[in-house]
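Engineer: With these hints in hand, go ahead and build the complete structure from the sequences.
The lines below spell out each chain.
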Amino acid sequence: MLFALVMLPAVGALGAYALRGGTRGAVAYRTAWLVGVAALHVLLVADAWLDPPEPVLHGWLALDALGLVVLTTVSGLFAVVTVSALGYLRHENPRGGRAFTSCLLAFLASASLVSISHHLALLWVGMEATTLALAPLIFHRHNRRSLEAVWKYLVLSSVGIALALFGTFFLATAQADAGAAARPLVLEDLVAGASRLHPAWLKAAFVFLLAGYGTKLGLAPMHTWKPDTYGEAPALVGALMAGGLTSCAFLGLARATEVAMAAGQGPFVQPPLIAFGLSSLAVAAAFIIGQTDVKRLLAYSSVEHAGLLVLGLGLGGVGAYGSVLHLINNALVKGLLFLAVGNVVLATGTATAASLGGLLRGLPASGVLLLVGLFAVTGSPPFGPFVSEFTILRAAMGGGHLWIAAVMVTLLAVSFIGLAVMILDIVYRPAPANRDPPLRSGPESGWLVAGPVALGLGVLALGLVIPRPLQALLSLAASALGGAAP
Amino acid sequence: MTWTSPVAFATLLVVAPLLPGVATKTRALLTGRRGPPVLQLYWDVGKLLRKGLVYSTTTTWLFRLAPVVVVATALLAASVIPLDGRGALVSFTGDLVAFAYLLALGRFMLVLGGLDTGSSFEGMGASREVTFSSFTEPALFLCFAGLTLATRGLSLTGMLGSPLAAAWPAAAPSLAMIGVSLFLVLLAEASRVPVDDPATHLELTMIHEVIVLDHSGPDFALILYASALKLALFGALLVGVLVPRARLPGPAAIAVLALGLLVVAVLVGIVESSMARLRLSRVPQFLIAASVLASLAVILLLMT
Amino acid sequence: MQRAADSLLLLVILTNFLVLGTTRLSTCIRAVAWQGALLGLLSLALSSTWSVHAVGLAAGTVIVKAIALPRFLAWAIREASVRREVEPRVGFVASLLLGVLAVFVAAAIAERLPVRGAHPVLLLPASLASVIIGLQVLCTRAKAVTQVVGYLVLENGIFLFGLTLIDQVPFLLEVGVLLDIFVGVFIMGIVVFHINREFDSLDSARLTALKE
Chain C
459 MLFALVMLPA VGALGAYALR GGTRGAVAYR TAWLVGVAAL HVLLVADAWL DPPEPVLHGW
519 LALDALGLVV LTTVSGLFAV VTVSALGYLR HENPRGGRAF TSCLLAFLAS ASLVSISHHL
579 ALLWVGMEAT TLALAPLIFH RHNRRSLEAV WKYLVLSSVG IALALFGTFF LATAQADAGA
639 AARPLVLEDL VAGASRLHPA WLKAAFVFLL AGYGTKLGLA PMHTWKPDTY GEAPALVGAL
699 MAGGLTSCAF LGLARATEVA MAAGQGPFVQ PPLIAFGLSS LAVAAAFIIG QTDVKRLLAY
759 SSVEHAGLLV LGLGLGGVGA YGSVLHLINN ALVKGLLFLA VGNVVLATGT ATAASLGGLL
819 RGLPASGVLL LVGLFAVTGS PPFGPFVSEF TILRAAMGGG HLWIAAVMVT LLAVSFIGLA
879 VMILDIVYRP APANRDPPLR SGPESGWLVA GPVALGLGVL ALGLVIPRPL QALLSLAASA
939 LGGAAP
Chain H
750 MTWTSPVAFA TLLVVAPLLP GVATKTRALL TGRRGPPVLQ LYWDVGKLLR KGLVYSTTTT
810 WLFRLAPVVV VATALLAASV IPLDGRGALV SFTGDLVAFA YLLALGRFML VLGGLDTGSS
870 FEGMGASREV TFSSFTEPAL FLCFAGLTLA TRGLSLTGML GSPLAAAWPA AAPSLAMIGV
930 SLFLVLLAEA SRVPVDDPAT HLELTMIHEV IVLDHSGPDF ALILYASALK LALFGALLVG
990 VLVPRARLPG PAAIAVLALG LLVVAVLVGI VESSMARLRL SRVPQFLIAA SVLASLAVIL
1050 LLMT
Chain Z
29 MQRAADSLLL LVILTNFLVL GTTRLSTCIR AVAWQGALLG LLSLALSSTW SVHAVGLAAG
89 TVIVKAIALP RFLAWAIREA SVRREVEPRV GFVASLLLGV LAVFVAAAIA ERLPVRGAHP
149 VLLLPASLAS VIIGLQVLCT RAKAVTQVVG YLVLENGIFL FGLTLIDQVP FLLEVGVLLD
209 IFVGVFIMGI VVFHINREFD SLDSARLTAL KE
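Sequence order for the protein chains is C, H and Z.
Sequential numbering from 459 applies to the first sequence in our numbering.
Sequential numbering from 750 applies to the second sequence in our numbering.
Sequential numbering from 29 applies to the third sequence in our numbering.
Quick caveat, the hints were computed from the structure, so don't treat them as lab data.
Incorrect hints may appear among the rest.
[To be verified] Here's a subset of chain Z near chain C, in silico, CB distances under 8 Å, partners left out:
| id | residue |
| --- | --- |
| 1 | V159 |
| 2 | L166 |
| 3 | A172 |
| 4 | Q175 |
| 5 | E183 |
| 6 | F189 |
| 7 | G190 |
| 8 | T192 |
| 9 | L193 |
| 10 | G212 |
| 11 | I215 |
| 12 | V219 |
| 13 | H222 |
| 14 | I223 |
Note that this is a predicted model, so its numbers are computed, not measured.
Cβ atoms here follow ideal geometry from the backbone N, Cα and C, with glycine treated the same way.
Structural biologist: Here it is in structure tokens:
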């Protein structure tokens, strides 16, 4: 069953690539295939909820609480994104969308591999596969700007992934003392034999894993690929990256933290995590102010939320619970925002704020969705991110680190101002009169709107009540990370 | 100090002028020419000793002193190297510094003599010579540092004598790198391709040749002999590092020295025939490569 | 075997310096090819028994790192009528000196991290030095192809360290890692090709349209 989670999208990717041609029929077939595979994947995940699968391959593949959270998030987000893809590919499908659909499915396959893999080297293989699967997607438009974006993305991500591999090797060396019976690099054995891990190697491993997976996560100062990439990639891809890739990278980092905490290296591990978290918040706040492009704005918001995730992880205690909850909220909210922005870009052909305007009148659905997304992403009640950010804040105050809480609140407020300025501007200010071509307006395709609406409702629901099974899962995940449920 | 040291010293003095001849002959043969006779430098020195001296009116006593100092420092530097593989004529702790500084003194006087003529020609050569030597000195000292680490001796006799033979098996890679680095330093100090072409007389490309342009007669003979001696000095250092002769009997050690010097000269000839002179801006890179090799050897020796 | 491994590791460090100091692009790529070949030989030298696993890994390494990838990179630059000179942002002399510093730092770090098992003393320093020098090449070179070369050197350093774990990380994963690296560089090469076509140059310093 665990195999199916990975093999289904992988086979789906091959199938989407197999059919050649760019005719409308071919495009329609491919999009139907995409939606079908995504739906099947969601069913598989639902089955995993009801009937937890056993570990396979000597424990290399297994589904624990944290993995299930990430898997569900990615699978759900992907399904919603494919619904939007139905509308997107109808409008914009260079070369028949062949590489587009197959790379999307390849991404789903590798993200599933990352969630279910308990062998840390296999997890690395999955992360590398996500990097490679996303590259053609970023390069979708084949123009100069996307070429530049994909180059920066490839170089930085590859270096990050290479450093993460180095860290994984260091971890295997740290485990060499743990005895012959232990399976090398398997999470359960790492945690069980944590006291026997060599401290110097473990610390070095954590440093490299933080640098490597942190680059994929987009923490400052390794975040420089994010604005260019999110700015040039199609909004669908941006949604998947901000929600899915971020979650996978966080999972990699969380596994490293799990092992380090179990080995008692908490005091060594927590300060860098907090430092990276706060610096990401600061850099994001600094660049959100004065931003001119909507998609780049969202990229910096993604940097901000990655910082929050890592900050919660570093604070420990209730912060770990808050981080895992925020993972879900972040994915939903970023998906909502990116899909809404995608609709705007599709309709107007530009993402520069100066050329946009009057969205409430011209594109009412997207305008409302943007407003909803603005309040959700900045952490206003009654939306989900409020709950998770508040939990992280509680962890900061409870641990006696009042200055961290103060800095966090200040930076979040600055980001809120920056985001609000731009989004309120493009939604309410009338469109520039002398625009050429004039802003396309009118009712929007149902397919394009259904997805974001669903995500918005999900975020609202999570803000109001967290279902009991989800709460249990989150508590399990938090305790594995050395924290506790509130 | 046994009888082998003075004999080896004398051998070096006699063999020195042969080496540039061998190098030039090798280069000529490899490039399809016949080349000048191998003993050419001996005839040149003899001819120049019989000629008269001409001094420019702008020169002072410095100009007259320069050739003498150059030869004297080269001879003194030769006395510090253990040429027979066991002991040098003169040895004391830290004589490797004396070696380097004697050569530097010789170069200093040579450059002063060149500047003394007041010609911009010589000044240009002088500035180039001094710049390049500022890159070779670190390389040389790093080589000495590596040898000190390998043999725990602080005198050239200690570094190139019997302790080196004992150190070779364990430290072979480092010593090989030090040997290559010394060869590169040799090419620079003896003004050979790829740093300076002894056959060129174009003003844009000369370095060593141009500084000594104004010397004549016996002065020039001394200068020629000194430059051959410098090539022999570094060749002897190289042979000392690569072929430890402490366990060989006296005559055999001296014979190996002479043979080794000839092999080095042939190697120089081969390098000269296969490479072109480097652009002047690239020469520092070349010399830094020598330093890099030597410092890698030092790091390697520090680790083991 | 130990002596051979030591000499091979020394040659690996020297090829790193060749990458740092050369002025010609084709020499850069050739140096990385030599490094790949050395790594293949090392994987044979370091394994205690020459099992099918070890020989297969060595063959795979040589094929991918020493033959396929350099050839592909050479194809990518041949298609470009690009100036074949490496254009570093930091001068060559400074690059070489930084390289020596990298080796020194690597040796110093290797002192603190004891490697278990009978491995040559130079293994961890050579691996760390390659990683640091690879990062240095990535940061200080302007041309896109030399950045890929820097990435390859970085990967070689990591692979070198991975050789100590031959017994622990099984074949499947090594194949997976090798494959990932191959595909990664392959995609990079394609992008370089496109960069050349779009921008008429391989100078990634020209990729400045996207800002802030």
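Engineer: A separate judgement is required for each hint: does it hold in the structure or not?
Structural biologist: Comparing the hints with the structure gives:
Below 8 Å, beta-carbon pairs count as interface contacts, and V159(Z) has one with chain C at about 7 Å; its hint therefore holds. With a least beta-carbon distance of about 7 Å to chain C, the hint placing L166(Z) at the interface is held under the 8 Å criterion. Look at A172(Z): its Cβ gets to within about 7 Å of chain C, closer than 8 Å, so that hint holds up. Look at Q175(Z): its Cβ gets to within about 6 Å of chain C, closer than 8 Å, so that hint holds up.
The interface hint given for E183(Z) holds, since its Cβ lies 6 Å from the closest Cβ of chain C, which is under the 8 Å cut-off. Nearest Cβ of chain C to the Cβ of F189(Z): about 5 Å, under the 8 Å cut. The hint holds. Hint on G190(Z) holds. Least Cβ distance to chain C is approximately 5 Å, under the 8 Å limit. The beta carbon of T192(Z) is positioned within 8 Å of a beta carbon in chain C (closest approach about 7 Å), and the interface hint is therefore held.
About 5 Å separates the beta-carbon of L193(Z) from the nearest beta-carbon of chain C, less than 8 Å, and the hint is met. At about 6 Å, the closest approach between the beta carbon of G212(Z) and any beta carbon in chain C falls short of 8 Å, and the interface hint on this residue holds. Interface restraint check: I215(Z) against chain C, minimum CB-CB distance 5 Å, threshold 8 Å, status holds. Hint on V219(Z) holds. Least Cβ distance to chain C is approximately 6 Å, under the 8 Å limit.
Because the beta carbon of H222(Z) sits about 6 Å from the nearest beta carbon in chain C, less than 8 Å, this interface hint is met. Among the interface hints, the one on I223(Z) holds; its C-beta lies about 6 Å from the nearest C-beta in chain C, closer than the 8 Å criterion.
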